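J.: Residues per chain, in single letters:
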Amino acid sequence: MSHLLPFMLCLAGFAGLAFAMDRQQRNVIGRPLKAAATYVLRVVGACVLLCALGLLVTWNGWGLALVIFSGHTSLAAGLVYCGLLAYVKMDAR
Amino acid sequence: MMHSVADEDEPRLTGRGIRQSMSQLHTWAGLLLGWILYAMFLTGTVSYFKDELSQWMRPELAYQAQVPDQAAVAQRIADEFSRSIPGSSQWSMKLPDARNNSVYAFWRTGPRTPGSRGGFGEGYFDPATGQKVTARDTLGGDFFYRFHFQFHYMPVVWARWLAGAAAMFMLVAIISGVITHKKIFIDFFTFRWGKGQRSWLDAHNALSVFGLPFHFMITYTGLVTLMALYMPWGERVAFQTAAERQQYAAELSAFIAPGRPAGVGAPLASIEDMVRQAQDRWGRDNAGRVTAVNPGDATARVAVTRGDAGRISMSPQSMEFEGPSGRLLRVRESVGAAAETRGVLYGLHLGRFSDIVTRWLYFLVSFMGTAMVGTGLVMWTVKRRQKLPNPDHPHVGFRAVERLNVAGIAGLSIAMAAFLWANRLLPQSLAGRADWEIHVFFIAWALTLAHAFVRRPKAAWVEQLWAAAAMLALLPVLNAATTSRPLWHSLTQGDWVFVAVDLMCGALAVIHATLAIRTARRQPARKAARKPSSSPAAATASRQEGT
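If you read the protein sequences in the order shown, they are chains A and B.
Using the numbering used here, read the first sequence as starting at 34 and increasing by one per residue.
Using the numbering used here, read the second sequence as starting at 456 and increasing by one per residue.
Hints listed in this document are in silico derivations from the structure and should not be mistaken for laboratory results.
In this text, all values refer to a predicted model and were calculated from it rather than measured experimentally.
Some hints here could point you the wrong way.
Simulated pairs of lysine-lysine, BS3-like, Cα-Cα distance not exceeding 25 Å [unchecked claim]:
| no. | chain 1 | residue 1 | chain 2 | residue 2 |
| --- | --- | --- | --- | --- |
| 1 | B | K650 | B | K638 |
| 2 | B | K637 | B | K913 |
| 3 | B | K638 | B | K838 |
| 4 | B | K505 | B | K549 |
| 5 | B | K549 | A | K122 |
| 6 | A | K122 | B | K650 |
| 7 | B | K650 | B | K842 |
| 8 | B | K638 | A | K67 |
| 9 | B | K913 | B | K838 |
Simulated coverage check for chain B against chain A, where a stretch passes if three residues somewhere in it have a Cβ under 8 Å from a Cβ of chain A [claimed, not checked]:
| no. | stretch |
| --- | --- |
| 10 | 643 to 656 |
| 11 | 795 to 808 |
| 12 | 819 to 826 |
Listing some non-contacts, in silico: residues in chain B with all C-beta distances to chain A over 10 Å [claimed, not checked]:
| no. | residue |
| --- | --- |
| 13 | I540 |
| 14 | A661 |
| 15 | Y675 |
| 16 | M682 |
| 17 | A709 |
| 18 | R715 |
| 19 | R731 |
| 20 | I767 |
| 21 | R785 |
| 22 | V812 |
| 23 | T813 |
| 24 | L816 |
| 25 | V851 |
| 26 | V932 |
| 27 | T938 |
| 28 | V965 |
All C-beta atoms, glycine included, are put in the ideal place defined by N, C-alpha and C.
With the hints as extra help, turn the sequences into a complete structure.
T.: Following this line, the structure appears as structure tokens:
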């Protein structure tokens, strides 16, 4: 459990950050979101990532937390990226 | 690693900006030792599971469902040593833990005499019986681990210098890549399908950027692990007397220098009690190594070191005991700030502190790093193909890179799979069996290189990727046919080490097969698109053949 929640938070955080980007908004919903919505997504995405780090630090201390957080963020960003790729690919068919 | 396509597509500006300079530096630093870097990355990645791979490669050793009591095991092995190597001046055993189902030990044979350090012996022991195990002779996962930083068939020091040079090139490639990649945040989640060079670039960027903290950390800390070799001068100036050097060594390892024996016999006190004290201090399964110097002599000393689990540092922590009485002499749990900095950086590189999930994270992100180097190597040819005057007859340098890519990337997969096949197929009675497993690795790799030079690049890629896929996919079948531990047996027994290796082979086979299919489907460049030049669209169409 000490990995699952922070990892899910990282996944959600990166999903938020990805949808705060013009290119992804066009790819997924066909048009850009309003500036305010984009801003909110960006702030919430970043905050959720920080929450994940906060949890890891609380549970594991700074040293181990930073290592695990680095792994979680790398993998979560990669999964969001693969998800977007799959979506765009399916959408094109 | 991370070039900007815009830099390539736009006409060159007069004067060279920092980005163009860095782009070139990145390209050449990445290419020159790129194949060595790829091999270091892949074997290093696999090494995160070297202990598990070693278990798989010694199928005669039973699966260890629970870690045996380390204190009892230590006593059992020590008793065996007192019988089998009575005159030894030093022995050291690595206790079994959650990842190791055997005890690895080494020892000096015979006493140290002036002018002679005595010979060395080593072996694996069964924790349950204390007897030397009769498993097949193999280096196990340690071969990939050692290859990762000292290769093979060459003097260790030269090899480590070569590994250091490659790591330094990698560090340069990472830093120059970050400077070159001007849209690191804007392009963070960008991938453009079917756009030839752009697609390769996007994949390369994603693999690089997502794992950037890891890639930087692993390269830098890799250099730190061998810093005493690469930069010995500070230490030479600072530590000049024997006492200073000994104190320095003590900051880096728990090794006890054997003193002069008194020549008065005195049996060792209970090793079990000593390890029990270490367990009380560090946790039941968290004693690492037990080392004895001058065992059987009145001057005997025993050190029990702490295991690696849960602490990001390789700095030694140990309890030292007087051998004959078993009295605790001292406990060392900290080192100086400089030594601890080194210990933490070293620990970060090896990742031995990891729980199983963190270990998988290490593996996966390191695998991304391997793919980053691989995509970078392939992109070198993809980018240049469009500029060739005649792509059917590229110049010799291009041809060499193209073929080295095939053997360096697809060929290495075949060689590594061949190593595992050799582990299952070589007869147990073969003299120098462990060495022959390694010879098979290199013979297979050499054959893939020859094949890459004989065949056309695209055919070579497809054939080698299929060969790797087949060898990996059939490995669980071979395991089932040659051992009594097939996948279904492992599943019912809860033997997760064997299950994981079998399933990983399957997953890697799927990756290789997918790459083979995609490469085979790729259309060769159209002749009309070959005009040198002019239109980026035409150039894009001509890039793909052979990659």
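J.: Need the status of pair K122(A), K650(B): alpha-carbon distance at most 25 Å?
T.: OK: K122(A) and K650(B) at ~13 Å, within 25 Å.
J.: Test the statement that L816(B) is away from the interface with chain A: the closest C-beta pair must be farther apart than 10 Å.
T.: 3 Å, violated
J.: So A709(B) supposedly isn't at the interface. Is its beta-carbon more than 10 Å from every beta-carbon in chain A?
T.: 21 Å, holds
J.: Is the nearest CB of chain A more than 10 Å from the CB of Y675(B)?
T.: Nearest chain A Cβ is 14 Å from Y675(B), so the label holds.
J.: Taking C-beta pairs only, is R731(B) more than 10 Å away from all of chain A?
T.: 27 Å, holds
J.: Going by Cβ atoms, does R715(B) stay more than 10 Å from chain A at every point?
T.: Label holds. Min Cβ-Cβ 41 Å, cutoff 10 Å.
J.: Count the residues of the stretch 819 to 826 of chain B whose Cβ falls closer than 8 Å to any Cβ of chain A, and tell me whether that reaches three.
T.: Holds: 3 residues of the stretch 819 to 826 of chain B have a Cβ under 8 Å from chain A.
J.: Run the C-beta distances from V932(B) to all of chain A and say if the shortest one exceeds 10 Å.
T.: Non-interface label on V932(B) holds, nearest chain A Cβ at 30 Å vs cutoff 10 Å.
J.: At 10 Å, judged by beta carbons, does R785(B) keep clear of chain A as stated?
T.: Non-interface label on R785(B) holds, nearest chain A Cβ at 26 Å vs cutoff 10 Å.
J.: If I take the minimum Cβ distance from A661(B) to any residue of chain A, is it greater than 10 Å?
T.: 6 Å, violated
J.: Taking the closest pair, is the beta carbon of I767(B) still more than 10 Å from chain A?
T.: With a cut-off of 10 Å, I767(B) comes too close to chain A, as the shortest Cβ separation is near 5 Å.
J.: Verify the proposed pairing of K638(B) with K67(A), using a straight-line Cα cut of 25 Å.
T.: Within the cut-off at roughly 23 Å; holds.
Hint check: violations occur at hints 2, 5, 14, 20, 22, 23 and 24; the rest are consistent with the structure.
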